[in-house]
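Working from the sequences, and respecting the hints, build out all of it.
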Amino acid sequence: MSRALRRFFSLFVVVVAVVIGLYGIASAGEVAEATRKGSTIVWWMWPVILFVFTFLLGILAVVAGVGGGVLFVPIVSSFFPFNLDFVRGAGLLVALTGALSAGPGLLKRGLANLRLALPMALIASTCSIFGAMVGLALPTNVVQTALGATIIAIVVIMATAKRSDFPEVKKPDALSTVLRISGIYYEESVGKEINWQIHRTPLGLSLFILIGFMAGMFGLGAGWANVPVLNLLLGAPLKISVATSVFLLSITDTAAAWVYINKGAVLPLIAVPSVAGMMLGTRIGVRILARAKPKAVKWIVISFLFLAGLRALLKGLGIWG
Amino acid sequence: MSNKTKPSEEQLKYASVLQKVSLGGLALLVIGFFVYLSGVLPTIVPVEKIPEYWGMRVHDFVEETGMPKGWSWLPLLGHGDIVSFLGIILLAAGTLVCFAVVLPAFLRKKDTPYVIIVFIQILILLLAASGIITGGH
Chain A
1 MSRALRRFFS LFVVVVAVVI GLYGIASAGE VAEATRKGST IVWWMWPVIL
51 FVFTFLLGIL AVVAGVGGGV LFVPIVSSFF PFNLDFVRGA GLLVALTGAL
101 SAGPGLLKRG LANLRLALPM ALIASTCSIF GAMVGLALPT NVVQTALGAT
151 IIAIVVIMAT AKRSDFPEVK KPDALSTVLR ISGIYYEESV GKEINWQIHR
201 TPLGLSLFIL IGFMAGMFGL GAGWANVPVL NLLLGAPLKI SVATSVFLLS
251 ITDTAAAWVY INKGAVLPLI AVPSVAGMML GTRIGVRILA RAKPKAVKWI
301 VISFLFLAGL RALLKGLGIW G
Chain B
1001 MSNKTKPSEE QLKYASVLQK VSLGGLALLV IGFFVYLSGV LPTIVPVEKI
1051 PEYWGMRVHD FVEETGMPKG WSWLPLLGHG DIVSFLGIIL LAAGTLVCFA
1101 VVLPAFLRKK DTPYVIIVFI QILILLLAAS GIITGGH
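Chains as they are written, first to last, in the numbering used here: chain A, 1 to 321; chain B, 1001 to 1137.
Treat the hints with care, as some may be off.
Straight-line distance between alpha carbons at most 27 Å, and here's what the computed DSSO-like set of lysine-lysine pairs gives [claimed, not checked]:
1. Lys192/A to Lys298/A
2. Lys1069/B to Lys108/A
3. Lys1004/B to Lys108/A
4. Lys171/A to Lys1110/B
5. Lys192/A to Lys1006/B
6. Lys108/A to Lys1109/B
7. Lys1020/B to Lys108/A
8. Lys171/A to Lys1004/B
9. Lys171/A to Lys1109/B
Okay, the calculated beta carbon distance ranges per label pair [to be verified]:
10. Ala1100/B to Val178/A: 18 to 28 Å
11. Val178/A to Leu1126/B: 21 to 31 Å
12. Val190/A to Gly1078/B: 56 to 66 Å
13. Ile1122/B to Ile209/A: 43 to 53 Å
For the record, the hints were derived by calculation from the structure and aren't laboratory data.
The beta carbon of each residue, even a glycine, is placed where N, CA and C say it ideally should be.
Structure (structure tokens):
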């Protein structure tokens, strides 16, 4: 198949996905609204549907290389009859359990780095507590509008951000030298040990104020922001950045999760099927990844995320739903 | 893995504790959920009634159902809905346990910056877990 034809086919797939997505989100919104007003759907169907849905979301998240946490809140709040408070509580738990499951292996293999993660985690987790408090205090429509705008911004970041396998850091900054943030890891793709160090640490730390706040406020995983900051700004190798970002989430989301738990915003009937579905889905996704075409899937997922963000924005503004 | 690429002692310790706590938390989450659904224990809010409330804001949900906030669920451990909550609590507490375990390792190494960072992090997580600070109405 020629390159132009492949491009046309990819574009066609994305357009079809967008049209189906728009129809699906509109219909799901109506179903969710009908359920709120008292529909005939048996109550236990919703957790079952949620389990199946998050299972599929987990597969897509892995294949597309997009964090499951960031997909969960905008999509589930659009498709299901749950209040945004409970969706955010469950979203934090989904992101948290994913990070807790992957964290130990990444730390043991030396890919996630404790010294790099801890200073960032301290800032991000503190701010995630404030984010969670603000998110639970603001009216739903304000949070929904802000969520929609944030998701659209995340889509732009995902679609445009470049990544660098081995960024060049000529000289570490003073703070990272004091904190002795550097390391060596074995890079299988090139078959040698890679030395790494970081720079611009104070600027990176200050960005984690915003990242933590948003993670807590919207109940989102923050891999979409952690990775570019660790990789492109601080200059950590891509593998170290991705692994450390996953581990970082386990600390940031824990702090915010406590606020939601203490407030009563974590409903087991919503959270447990979501966690189970997402974890099972990501395991299957890892197996499918070897055979799938991640680029096409990534664009379909990003298109859905954009639509969910758009719906959240319009819903918050009272224009749609 | 060569000696140069081997993770530090405290990193390996953190990973080992995190693995145990998260596995325990996940197991408890699933078991607790099935106990809740099975109906063998009484519930504060019957599971089939939850859909009447899940469209509400959390503040209204707590007010209408009388579900406990903060740590006031502790005396209600005999209820199915509280048992289903235990795994969530353990998962959220896991990180705190890991920090408590690695703090002595940093102290032994006289790694002052990281002793301070870990100590403040423990305080922050304790504060969040305590329920003293919550958002909302």
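Tested hints:
Between Lys192/A and Lys298/A the CA atoms are separated by roughly 30 Å; this puts the pair beyond 27 Å, and the hint is violated. Taking the CA atoms of Lys1069/B and Lys108/A, the gap is about 37 Å. The hint is violated against a cut of 27 Å. Restraint check for Lys1004/B and Lys108/A: the C-alpha separation of about 14 Å stays at or below 27 Å, so the hint holds. A C-alpha spacing of about 26 Å is found between Lys171/A and Lys1110/B, which places the hinted pair at or below 27 Å, so the restraint holds.
Taking the CA atoms of Lys192/A and Lys1006/B, the gap is near 14 Å; set against the 27 Å cutoff, the hint holds. Pair hint Lys108/A plus Lys1109/B holds up; C-alpha atoms about 20 Å apart against a cutoff of 27 Å. Proximity of Lys1020/B to Lys108/A is assessed by CA-CA distance (about 13 Å); at most 27 Å being required, the pair is judged to hold. Restraint check: the Cα-Cα separation between Lys171/A and Lys1004/B comes to about 21 Å, which is no more than 27 Å; the hinted pair holds.
Distance restraint check for Lys171/A and Lys1109/B: the Cα-Cα separation of roughly 26 Å lies within the 27 Å cut-off, and the hinted pair is therefore satisfied. Taken as a hint, the range 18 to 28 Å holds for the pair Ala1100/B and Val178/A, whose Cβ atoms sit roughly 25 Å apart. The hinted window of 21 to 31 Å between Val178/A and Leu1126/B holds, with their beta carbons roughly 26 Å apart. In this structure the supplied range 56 to 66 Å holds for Val190/A paired with Gly1078/B, their Cβ-Cβ distance being about 58 Å.
For the hinted restraint 43 to 53 Å between Ile1122/B and Ile209/A, the CB-CB distance of approximately 20 Å leaves it violated.
Figure legend: structure checked against the earlier numbered hints; hints not met, in rising order: 1, 2, 13.
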